[in-house]
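K.L.:
What follows is each chain in one-letter form.
There are 2 protein chains.
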Amino acid sequence: MLFSETAPEAWASRYGSHPTQSLEGLDAFLRHRSVRRFAPVSISEDTVAGLMAAAQSASTSSNLQLWSAISVQEPSRRAAMAELCADQKQVKDAAWFFAFCADHYRLSMAAQKAGVDPKGLDYAEFGIMAIIDVALAAERFACAAEAQGYGICYIGALRNQPAEVERLLELPHGTFGAFGMCLGVPADSETARIKPRLKQSQVWFRETYDADVSVDEYELRMKPTYERRGMSTSWASHSGIRADGEHMTGRDVLLDYLHKQGFFLR
Amino acid sequence: MLFSETAPEAWASRYGSHPTQSLEGLDAFLRHRSVRRFAPVSISEDTVAGLMAAAQSASTSSNLQLWSAISVQEPSRRAAMAELCADQKQVKDAAWFFAFCADHYRLSMAAQKAGVDPKGLDYAEFGIMAIIDVALAAERFACAAEAQGYGICYIGALRNQPAEVERLLELPHGTFGAFGMCLGVPADSETARIKPRLKQSQVWFRETYDADVSVDEYELRMKPTYERRGMSTSWASHSGIRADGEHMTGRDVLLDYLHKQGFFLR
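As you go down the protein sequences, you meet chains F and E in turn.
The first sequence lines up with residues 15 to 280 when you count with our numbering.
The second sequence lines up with residues 15 to 280 when you count with our numbering.
The hints are simulated quantities; they were obtained by calculation from the structure and are not laboratory data.
Treat the hints with caution; some may be incorrect.
Identical chains share a label here; the pair holds if one copy fits it or two copies do between them.
To be verified - Listed below are the simulated DSS-like cross-link pairs for lysine-lysine, each with C-alpha atoms no more than 30 Å apart in a straight line:
#1 Lys209 <-> Lys133
#2 Lys127 <-> Lys106
#3 Lys127 <-> Lys103
#4 Lys213 <-> Lys133
#5 Lys274 <-> Lys133
#6 Lys103 <-> Lys209
#7 Lys274 <-> Lys237
#8 Lys106 <-> Lys133
#9 Lys209 <-> Lys274
#10 Lys213 <-> Lys127
#11 Lys213 <-> Lys274
#12 Lys237 <-> Lys127
#13 Lys127 <-> Lys209
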C-alpha cells in the first residue's frame with residue numbers, strides 16, 4: 015500500500031499538532047488524499063461490486079435511494095468524458111470512472127406504476143435529498159475503497175457541461191450528474207500529501223454557531239502546500255477568488271440546467 | 015458490539031442472495047442501519063474529536079471546506095432541538111447530536127478579509143458544493159463511528175423548521191442546517207436490521223443510463239420489513255406517496271428559506 019500513515023501521523027498533517035488521544039481504528043479514515051496519478055493496474059468487477067454494496071449500505075432518506083452510478087469504461091466514451099471534465103488526466107487514467115447522479119427518475123417511474131403522481135419531486139427539498147443521498151453513497155464507497163488501499167478522486171468538473179454529460183450518458187429527465195469519481199491503484203509516482211485543514215474548533219461548534227473566522231494560523235500551515243505547487247497565494251485569496259463569481263468554469267448556468275431536469279423548481 | 019454481521023451476511027440482507035466474491039475488510043461498511051435506540055452511555059470528547067478528524071479528512075471541493083457541525087448537548091437546547099425534529103426520540107436520547115450545516119459564511123468572511131467580493135456564492139453551484147461537502151464529511155464521520163461499534167442516525171427532519179433551527183443555533187447568513195446526526199452506543203433493545211436495497215444492477219449502470227425500473231423483485235424482499243412494522247404497503251406506494259407533494263412536513267417552503275440564506279439564487 016502506497017500510503018500508510020497512521021492516524022496520529024495523519025492528524026499531525028491535518029492539524030499541525032499531535033493528538034493527545036488514541037485514534038485506534040481511524041487510520042484509513044484520516045489518511046485520505048485525492049489521487050490523480052494511477053498505476054496501469056485494473057480492479058476487478060467483483061471488487062467494485064463490493065464497494066458498490068458499501069455505497070448502497072449508506073443511509074438514504076426514507077429508503078428512497080435517490081441516486082445512481084454509471085461506470086464509464088469504454089475507451090472512447092471515457093476519453094469524451096475526460097474532455098468534458100476539464101481534460102483532467104486522472105479521469106482518463108483511472109481503472110474505473112463513475113458518474114454519480116442525483117436520481118428522481120426511478121422513484122418517479124415506481125410511483126406512477128403504483129398510481130401516485132410524483133409531482134412533489136420538483137421541490138428544492140427533493141433536490142437536496144437526492145444530492146445528500148448520492149454524496150453519502152459515494153463517500154461510503156470512497157471510505158471502503160481507501161480502507162482496501164485504493165485511491166479515489168472526486169470530479170466536480172462533471173458539472174461543467176451537464177447537458178453534454180447528459181447526452182454522453184443518456185441521462186433521463188429527473189437525473190443529473192452530481193460529480194464524478196476516479197478509482198484506481200495509486201501510482202508509485204503519486205506524491206499527494208495529506209492536506210492541512212482548518213482547526214477543528216473552526217468547523218465544530220458547541221451549542222451555537224461561533225465561527226472563528228481568523229485563518230492566520232491556517233495560512234501558516236497551508237503555506238508549504240501552495241509553495242510546493244509554485245503558488246504564492248493564501249487560502250483566503252485562493253479560495254475567495256473561487257467565490258467571486260468570475261471563475262465558474264461554466265457552472266454559472268447550472269440552475270437553468272437543474273430546472274430543465276426538474277430540480278429546484280419550487 | 016451489538017451488531018456483528020459479516021460482510022457476506024450483510025450482503026445477503028441487502029440483496030437477498032449470497033455474494034460470490036470475497037468482501038474482506040468491508041464488514042463495517044456493509045452492516046449500517048440507522049440506530050434509534052441508544053444506551054444511556056456517554057462517548058468522550060476525545061472520541062468525537064477523532065471522528066471529527068475523519069469528517070475533516072473527507073474530500074472537499076477545492077479545499078473550500080463549506081460545512082460546519084454544531085453539537086447540541088445542553089439538555090434544554092437538546093430538548094428544543096428534538097421538538098424541532100418531529101419529536102424523534104433518538105434526537106433526545108443520543109449521546110451526541112450534531113447539526114451538520116452547509117456553510118458559506120466562513121469562506122465569505124475570509125474572502126472579504128483578503129479583499130475579494132464573494133458574490134458568486136449565491137449561484138446554485140455553490141449551494142451544491144456546500145451540500146456535497148457537508149454530506150461527504152458526515153458520511154466519513156458515520157463510517158468511522160460505525161467501524162468503532164457506535165450507531166448513528168441521520169435526521170432529515172432538521173429541515174422541517176429551518177428558521178427555528180437557525181434561531182436555536184444562532185446560524186448566520188450563508189449557512190443552513192442540512193441534516194442532523196445522532197451518535198451513541200446502540201441499546202441492547204435495538205432491533206434495527208440491515209435493510210434490503212434495490213438490486214445492484216438497478217443503481218449501477220454500465221456506460222449509459224439504463225434504469226431497470228421494475229421493482230417487483232424488490233417488493234418481495236421489502237415485504238417482511240413492512241410487515242414487521244405492521245404496514246401493508248409496498249416500496250413503490252410508500253415511496254411514491256412521499257413524492258406526491260402533499261407530505262412535505264413543512265419542507266415545501268424550503269426554497270424560500272434557502273433564498274433568504276443566500277443559496278440557490280441564480
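K.L.:
Hints the structure violates: just list their numbers, smallest first.
P.N.:
Of the numbered hints given earlier, those the structure breaks are 2, 3, 7, 8, 9, listed in rising order.
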